[in-house]
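Just so you know, the protein sequences line up as chains A and B, in that order. All the letters of the first sequence, read from the start, carry residue numbers 1 to 315 under UniProt numbering. All the letters of the second sequence, read from the start, carry residue numbers 1 to 145 under UniProt numbering.
Keep in mind that the hints are not guaranteed to be accurate.
[To be verified] Cβ-to-Cβ under 7 Å is the rule here; a few derived chain A residues that face chain B:
hint : residue
1    : Ser122
2    : Val220
3    : Phe223
[Stated by the list, open to error] Here are the simulated EDC-like pairs of lysine to aspartate or glutamate, each with C-alpha atoms no more than 16 Å apart in a straight line:
hint : chain 1 : residue 1 : chain 2 : residue 2
4    : A       : Lys42     : A       : Asp112
5    : B       : Lys75     : A       : Glu90
6    : B       : Lys75     : A       : Glu242
7    : A       : Lys211    : A       : Glu242
8    : A       : Lys127    : A       : Asp190
9    : A       : Lys99     : A       : Glu56
10   : B       : Lys120    : B       : Glu130
11   : B       : Lys75     : B       : Glu38
12   : B       : Lys120    : A       : Glu56
13   : B       : Lys136    : B       : Asp60
14   : B       : Lys39     : A       : Asp190
15   : B       : Lys5      : B       : Glu38
Quick caveat, the hints were computed from the structure, so don't treat them as lab data. Glycine included, every Cβ here is placed at the ideal spot set by N, Cα and C.
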Amino acid sequence: MLEDHFCASLAALVARGQLKTENKSEMEQTNPFYDFSIIYNKDDKVMRALLNELVELGYKTIAIEQSFDHSKKEPGKRGSEMFPEPHKIEHLRKEFQGKLRILQRLTILYVDVNVSHAMSVSLNLRKFNLIAGQPKTDAALTHCCTTFNGDLVTFDPVAGSRLLVNRKAYQIAVRRGMFFEIKYAPAIADSNNRKDMIKIAQNYCTKGKSKNIIFSSGAVHEFQLRGPYDVANLAFIFGLSEDQGKNAVDRNCRQLFLKAESRRLGKTIMFVRGNGPIVFSDSSEAEDDHEMEDLQTELNETSENNQPNKRLKVH
Amino acid sequence: MVRIKNRYIAVQIVPYTPTNTLRINDHTLSKCLLQNVEKYHGVYGLGLIENGFRVKYCNDRTKTAIIRCLHRGQKFISSVLPLITLIGDVRAKFRTLYIGATIIQCNKFIIKHQKQFLDKAMGQMASAKERQDLFKRVMEFDMDR
Numbered sequence: 001m002l003e004d005h006f007c008a009s010l011a012a013l014v015a016r017g018q019l020k021t022e023n024k025s026e027m028e029q030t031n032p033f034y035d036f037s038i039i040y041n042k043d044d045k046v047m048r049a050l051l052n053e054l055v056e057l058g059y060k061t062i063a064i065e066q067s068f069d070h071s072k073k074e075p076g077k078r079g080s081e082m083f084p085e086p087h088k089i090e091h092l093r094k095e096f097q098g099k100l101r102i103l104q105r106l107t108i109l110y111v112d113v114n115v116s117h118a119m120s121v122s123l124n125l126r127k128f129n130l131i132a133g134q135p136k137t138d139a140a141l142t143h144c145c146t147t148f149n150g151d152l153v154t155f156d157p158v159a160g161s162r163l164l165v166n167r168k169a170y171q172i173a174v175r176r177g178m179f180f181e182i183k184y185a186p187a188i189a190d191s192n193n194r195k196d197m198i199k200i201a202q203n204y205c206t207k208g209k210s211k212n213i214i215f216s217s218g219a220v221h222e223f224q225l226r227g228p229y230d231v232a233n234l235a236f237i238f239g240l241s242e243d244q245g246k247n248a249v250d251r252n253c254r255q256l257f258l259k260a261e262s263r264r265l266g267k268t269i270m271f272v273r274g275n276g277p278i279v280f281s282d283s284s285e286a287e288d289d290h291e292m293e294d295l296q297t298e299l300n301e302t303s304e305n306n307q308p309n310k311r312l313k314v315h
Numbered sequence: 001m002v003r004i005k006n007r008y009i010a011v012q013i014v015p016y017t018p019t020n021t022l023r024i025n026d027h028t029l030s031k032c033l034l035q036n037v038e039k040y041h042g043v044y045g046l047g048l049i050e051n052g053f054r055v056k057y058c059n060d061r062t063k064t065a066i067i068r069c070l071h072r073g074q075k076f077i078s079s080v081l082p083l084i085t086l087i088g089d090v091r092a093k094f095r096t097l098y099i100g101a102t103i104i105q106c107n108k109f110i111i112k113h114q115k116q117f118l119d120k121a122m123g124q125m126a127s128a129k130e131r132q133d134l135f136k137r138v139m140e141f142d143m144d145r
């Protein structure tokens with residue numbers, strides 16, 4: 001019934017020439033190379049400098065990171081929203097349209113397993129493209145690998161956490177399609193962090209042949225950014241092979257993105273997006289946006305309108 | 001007959017504060033690189049790459065350089081490049097542009113890259129004299145080092 005209704009409304013829209021259908025392989029187009037950890041800065045000037053450098057270096061898809069410490073929240077507030085809203089970056093998105101695809105990512109620092117309940121009821125989490133977990137204890141790390149409902153496992157590079165993943169948890173995480181992140185910017189800045197990052201990375205190598213690894217920057221200043229090929233070359237130090245190093249900035253990130261999208265949307269076969277009617281006059285972008293909004297409301301209306309009609313037909 | 005395999009790495013030097021020229025010659029560059037290889041890979045790494053290592057070309061105007069090394073030791077240099085933050089006494093980083101097996105291919109790439117640089121820089125120049133001067137300085141090649 002529901003499917004019928006969906007198909008009917010879809011067909012109606014396609015017939016009116018307002019929709020462009022895309023199959024899944026083209027859904028949510030992203031281009032290499034990827035950098036999934038640019039730390040958010042309130043100052044737009046810093047942010048702009050970072051993004052300009054990223055464009056210059058040849059990145060096409062990036063994620064702005066926002067951290068959230070779950071363990072610091074008092075346990076009294078149950079059931080309510082715990083996670084923050086994503087930062088407003090619409091103006092940056094508009095500015096870098098066509099050059100960069102900007103995603104948003106939330107990193108959850110946590111100690112105990114209560115976090116999974118908070119995550120299941122949260123609505124704000126859906127607004128983020130990627131969700132990463134940063135465990136603080138050994139138990140949390142095992143939980144993170146086995147049951148955590150996110151996409152990415154990361155480590156605190158500055159405090160030099162002494163956590164090392166064990167073989168079984170790593171294998172399970174790989175089977176679940178979780179990815180592990182290695183940040184290179186702290187490794188460039190300080191030799192102690194460098195040692196820690198190398199230790200963590202080599203641990204992945206010994207425990208499970210460095211599967212499902214991605215490299216990201218974690219940069220706060222544009223001087224800490226490196227080009228994608230330079231980053232791939234770092235694979236040698238981190239114990240990955242040449243191929244794995246290249247995939248860590250390219251293919252694995254794409255897979256991670258697709259996994260995150262599927263977590264956000266549920267099971268998806270087809271992705272439909274309104275493309276807007278063709279406008280011949282030289283309309284500015286603002287007007288375009290209004291049209292998109294109009295179209296979207298129209299979409300909603302038509303789908304609502306179609307429902308009763310369809311019911312009539314079926315019964 | 002055994003052929004000695006070389007690798008030529010074309011790099012760009014990106015300084016911390018944007019400047020027009022860098023005071024870097026090939027000597028300081030090679031010294032910096034060797035020091036860093038020793039820092040990260042120890043004596044073993046240094047011994048592996050020292051034979052056959054040479055900075056073939058260094059242009060401080062466009063901030064590009066070509067480094068030659070043996071095929072076997074290439075990994076040791078390319079993995080160190082992103083970790084360097086200080087060249088000589090200038091705060092700068094490296095950006096790998098191209099890795100080739102012959103210097104001709106590297107040359108081709110650098111010329112292409114420099115032409116792009118010229119297109120950008122020419123617009124900012126005022127007089128024709130300056131323009132010619134810049135063109136000369138950017139496109140100069142003396143590879144017989």
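Quick rundown of the hints versus the structure:
1. At its closest, the beta carbon of Ser122 of chain A sits 37 Å from a beta carbon of chain B; the interface hint therefore is violated under the 7 Å criterion.
2. Restraint check, Val220 of chain A versus chain B: the minimum CB separation of about 14 Å is more than 7 Å; hint violated.
3. For Phe223 of chain A, the suggested interface contact is upheld, since its CB lies about 6 Å from the closest CB of chain B, less than 7 Å.
4. Restraint check: the Cα-Cα separation between Lys42 of chain A and Asp112 of chain A comes to about 30 Å, which exceeds 16 Å; the hinted pair is violated.
5. Pair hint Lys75 of chain B plus Glu90 of chain A does not hold up; C-alpha atoms about 41 Å apart against a cutoff of 16 Å.
6. Taking the CA atoms of Lys75 of chain B and Glu242 of chain A, the gap is near 10 Å; set against the 16 Å cutoff, the hint holds.
7. Between Lys211 of chain A and Glu242 of chain A the CA atoms are separated by roughly 13 Å; this keeps the pair inside 16 Å, and the hint holds.
8. Restraint check: the Cα-Cα separation between Lys127 of chain A and Asp190 of chain A comes to about 34 Å, which exceeds 16 Å; the hinted pair is violated.
9. Restraint check for Lys99 of chain A and Glu56 of chain A: satisfied, since their Cα atoms lie roughly 10 Å apart, inside the 16 Å limit.
10. Between Lys120 of chain B and Glu130 of chain B the alpha-carbon distance is near 14 Å, which keeps this suggested pair within the 16 Å criterion.
11. Between Lys75 of chain B and Glu38 of chain B, the direct Cα distance comes to roughly 14 Å. Compliance with the 16 Å bound is thereby established for this hinted pair.
12. Distance restraint check for Lys120 of chain B and Glu56 of chain A: the Cα-Cα separation of roughly 14 Å lies within the 16 Å cut-off, and the hinted pair is therefore satisfied.
13. Simply put, Lys136 of chain B and Asp60 of chain B have alpha-carbon atoms about 13 Å apart, close enough for the 16 Å limit, and the pair holds.
14. Straight-line distance between C-alpha atoms of Lys39 of chain B and Asp190 of chain A comes to about 13 Å, which keeps the hinted pair within the 16 Å bound.
15. This hinted pair does not check out: Lys5 of chain B and Glu38 of chain B have alpha carbons roughly 23 Å apart, beyond 16 Å.
When the structure is compared with the earlier hints, violations turn up for hints 1, 2, 4, 5, 8 and 15 and for no others.
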